[in-house]
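Going down the list, the protein sequences come from chains A and B. So for the first sequence, our numbering puts the first residue at 1; every next one is plus one. So for the second sequence, our numbering puts the first residue at 1001; every next one is plus one.
Quick caveat, the hints were computed from the structure, so don't treat them as lab data. Worth double-checking, as some hints may not be accurate.
Stated by the list, open to error - Cross-link-like lysine to aspartate or glutamate pairs, in silico, EDC-like; alpha carbons within 20 Å at most: (1) Lys1199(B) - Asp1149(B); (2) Lys29(A) - Asp1165(B); (3) Lys1248(B) - Glu251(A); (4) Lys1199(B) - Glu1161(B); (5) Lys1032(B) - Asp32(A); (6) Lys1247(B) - Asp1257(B); (7) Lys1268(B) - Glu1227(B); (8) Lys1247(B) - Glu251(A); (9) Lys1291(B) - Asp274(A); (10) Lys295(A) - Asp274(A); (11) Lys1199(B) - Asp1165(B); (12) Lys362(A) - Glu1286(B); (13) Lys295(A) - Asp1072(B); (14) Lys1199(B) - Glu1098(B); (15) Lys1010(B) - Asp38(A); (16) Lys29(A) - Glu1031(B); (17) Lys1247(B) - Glu248(A); (18) Lys1303(B) - Glu1227(B); (19) Lys98(A) - Glu179(A); (20) Lys303(A) - Glu349(A); (21) Lys1247(B) - Glu361(A); (22) Lys1248(B) - Glu1295(B); (23) Lys1247(B) - Glu349(A).
The residues making up each chain are set out below.
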Amino acid sequence: MQQKILEFTNILRKSGIRVSTAETIDAFKALDELSIEDRGVFRDALCATMVKRGEEVATFQQLFDLFWSGFYDSLREQFEEAGAGLAEMGVDLDELLKQIAEMLQDMDGEVGDLSDLARAMLLGDLNQLEQMIRAAAEASGVQNIENFLQVGFFSRRTLEQMGVEGASDELRDLAAALEEAGMDPDQVAALRRLIEGLTEAARKGIRNYTERELQQQNHDYMEKFRRETLLEKSFYHLSEDETRKMREVVERLAQRIKNILSIRRRRLKRGKLDLHQTLRRNMSHGGIPFELIFKQRKKDRPKLVILCDVSSSVANVSRFMLQFVYSLQDAFTKIRSYVFVAELGDVTELFREGDISQSIEKALDGGGVINVYTRSNFGYAFHHFWQNHLSVIDNKTTVLILGDARNNYNDPRAWCLRDIHNKAKNVVWLNPESPSAWGFGDSVMNRYLPYTDVAEECRNLKQLSSIIDRLVL
Amino acid sequence: MFDSVLDVEKQLSAQDYICDQKISTVVFLAEKLEKPVLVEGPAGVGKTELAKVVAAATGRRMIRLQCYEGLDEAKALYEWEYSKQLLYTQILKEKFSEAMAGSTTLSEAAERVGKEDSVFFSEQFIVPRPLLSAITSEDATLLLIDEVDKSDPEFEAFLLEVLSDFQVTIPELGTISSRTKPLVFLTSNNAREMSDALKRRCLHLYIDFPSQELEQRILETKVPGVEQRLAADLVEMMAKLRRLDLKKVPSISETLDWARALLALNAKELDAEFVGQTLNVILKYEGDVRKAQGELSQLLEKKAAKAHATAESVTEVPEAKAVKKGALH
Chain A
1 MQQKILEFTN
11 ILRKSGIRVS
21 TAETIDAFKA
31 LDELSIEDRG
41 VFRDALCATM
51 VKRGEEVATF
61 QQLFDLFWSG
71 FYDSLREQFE
81 EAGAGLAEMG
91 VDLDELLKQI
101 AEMLQDMDGE
111 VGDLSDLARA
121 MLLGDLNQLE
131 QMIRAAAEAS
141 GVQNIENFLQ
151 VGFFSRRTLE
161 QMGVEGASDE
171 LRDLAAALEE
181 AGMDPDQVAA
191 LRRLIEGLTE
201 AARKGIRNYT
211 ERELQQQNHD
221 YMEKFRRETL
231 LEKSFYHLSE
241 DETRKMREVV
251 ERLAQRIKNI
261 LSIRRRRLKR
271 GKLDLHQTLR
281 RNMSHGGIPF
291 ELIFKQRKKD
301 RPKLVILCDV
311 SSSVANVSRF
321 MLQFVYSLQD
331 AFTKIRSYVF
341 VAELGDVTEL
351 FREGDISQSI
361 EKALDGGGVI
371 NVYTRSNFGY
381 AFHHFWQNHL
391 SVIDNKTTVL
401 ILGDARNNYN
411 DPRAWCLRDI
421 HNKAKNVVWL
431 NPESPSAWGF
441 GDSVMNRYLP
451 YTDVAEECRN
461 LKQLSSIIDR
471 LVL
Chain B
1001 MFDSVLDVEK
1011 QLSAQDYICD
1021 QKISTVVFLA
1031 EKLEKPVLVE
1041 GPAGVGKTEL
1051 AKVVAAATGR
1061 RMIRLQCYEG
1071 LDEAKALYEW
1081 EYSKQLLYTQ
1091 ILKEKFSEAM
1101 AGSTTLSEAA
1111 ERVGKEDSVF
1121 FSEQFIVPRP
1131 LLSAITSEDA
1141 TLLLIDEVDK
1151 SDPEFEAFLL
1161 EVLSDFQVTI
1171 PELGTISSRT
1181 KPLVFLTSNN
1191 AREMSDALKR
1201 RCLHLYIDFP
1211 SQELEQRILE
1221 TKVPGVEQRL
1231 AADLVEMMAK
1241 LRRLDLKKVP
1251 SISETLDWAR
1261 ALLALNAKEL
1271 DAEFVGQTLN
1281 VILKYEGDVR
1291 KAQGELSQLL
1301 EKKAAKAHAT
1311 AESVTEVPEA
1321 KAVKKGALH
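The whole structure should be built from the sequences, with the hints applied where relevant.
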């Protein structure tokens, strides 16, 4: 038992759940106090002592089910199937076994003469079989399995290690001997069939065991792989499922930045002495200022004006940037958002309402203000902004532009951006294309580049989060 | 003291707290292993309530420490009662003059005062805050550290020290160890991830929204007047609501509030009118309410249609019985 729990701990660790030695000891202590008859209690005790994060509980449950259960049951299923074949032929298994034992006695032998494996198979001693499979699998190094292609290899090795073929041959010989001794031909046929069934069941059982092992060993690997790649996967190539997952990741990242922000804010706290508060706080000290209270210095939170290209080519990038920015709403004093393809529309109102993800979908669809089914025209959009909305920019405003600057050979009207740049504190341009492509083809990025303070490639979540991180702090 | 996991479940349900096996297992272990429990989960699933009922079930006195940003040792552990010290000095002024009457030099006087200073730094002048009172308490206590995620990381580090061996060092008085080891519950809403060091010392319990069946049992225990059918409807509705993408997902406490509200309105079953009137009991954002309304009206229509169908079959059954009865007589 102890060994098994340690093994399980190892598997948890491999899956990225950090279980310390102290926690394992706690688990042992906990099991001392409980009866482990009840599976539910056993699981809950392990969970409470080893898993300390809410989001890891699901992983734990899966691994627990994989590790602690099922194999014996599946083995039983396989063997029952083999037995079921007999019933079809109208032969009772117990009856048959009894007869075999009797006949063997007449032949001066007994079932005990068979090898352990053959006997376990014939009598359906699953406990014994399970142990033998485990031992053989371990001896053949199945715990080193890494991918699905190796399942066959390790299964075969385990089979050989156990000597299943040998045991089957042994049983076949037994059947032949019984036939010679004058057993009823129907029964011999049934026995032969049973033997084949049992061999197959053992083979399946071993394969099953190997697959389980693979799942256990690799559980973490797949999970981690998915998470990491999501961070680095280009926004262009997200499937629908991944988009949904991505939303969670963005949320988590935003939460993290919020945490960091609150700590940094607190460090900035000290400003001038707050005389009023100090006197009030120190009344109980007879007015002697023991504790000093300082005014909080307010750090200027940036004002943000977002210009988002929502043409289909960059819609995904816009989606996550908007989500990111609006998850961090309270880090900014004011956010105004505009979307454009050729026309430019103000969608700030959409975000007044609570639900962020819905507002984003609406905004990406033009927000009822603009037509998104035209060709991108950055010059036109900037000009429109310059004419109608330039007043929203002041010297505390950061302008965040998101787009690929593919202008369809229209006039870029870079002077509009120049004026915006002159008025604003910062102009940040996020371009989902890599810098080497800027200025080639119909990209007019190079024309806008002089009027941006920061222009960066932003094609995956990692880049996005690092940019936003710098933006807020 | 609990005998077994089942016993925990029984004793807690005697206190009107219905829980699943997971919760009772952890509570049982917490008492056996004398380890703190870190309870996490969404708001309103009964984290604080759990601590309260465990205290009641085990006959421990509950001491509560509410955490908030800026909570420090002085408010959590102990504080010298400065004004009392000051008052005493003034009252005892004459005594001081007497004590120093013979001294000729300043240093001699200071030395004499120094000999007496233990008078002012004694337990008499200490204001015990929750942590210290939990440690010094004579009788068994349950210490509830509520919303520990709201506290600062520095406070968390300090908490570690206290939780690991239940003793506190006060420089003027020395080390005070606990007489009876308190049972500790920490609750967290996950506003901030707790440090691994703290987590390692605790048993972890994640309370999620209950299953429908469990929630119905809770509802029937907590709001005794509610009819079974109404309770079932309510619980089903809540489960549906939780599946929507809401800003604030309604929890158990909201289910209970809703049931009470409907009871007050004398509702026998859920219909569109009652739901419309009382939806603001469970949903706290305008956007959520609007989103839920569409979903719920659909559901209610379906339910009404079904109820209609069953009502017809129900009216048929008694007739059939009546006929049978008649035949028997």
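Query - Hints breached by this structure - result: Hint check: 9 and 14 fail, others pass.
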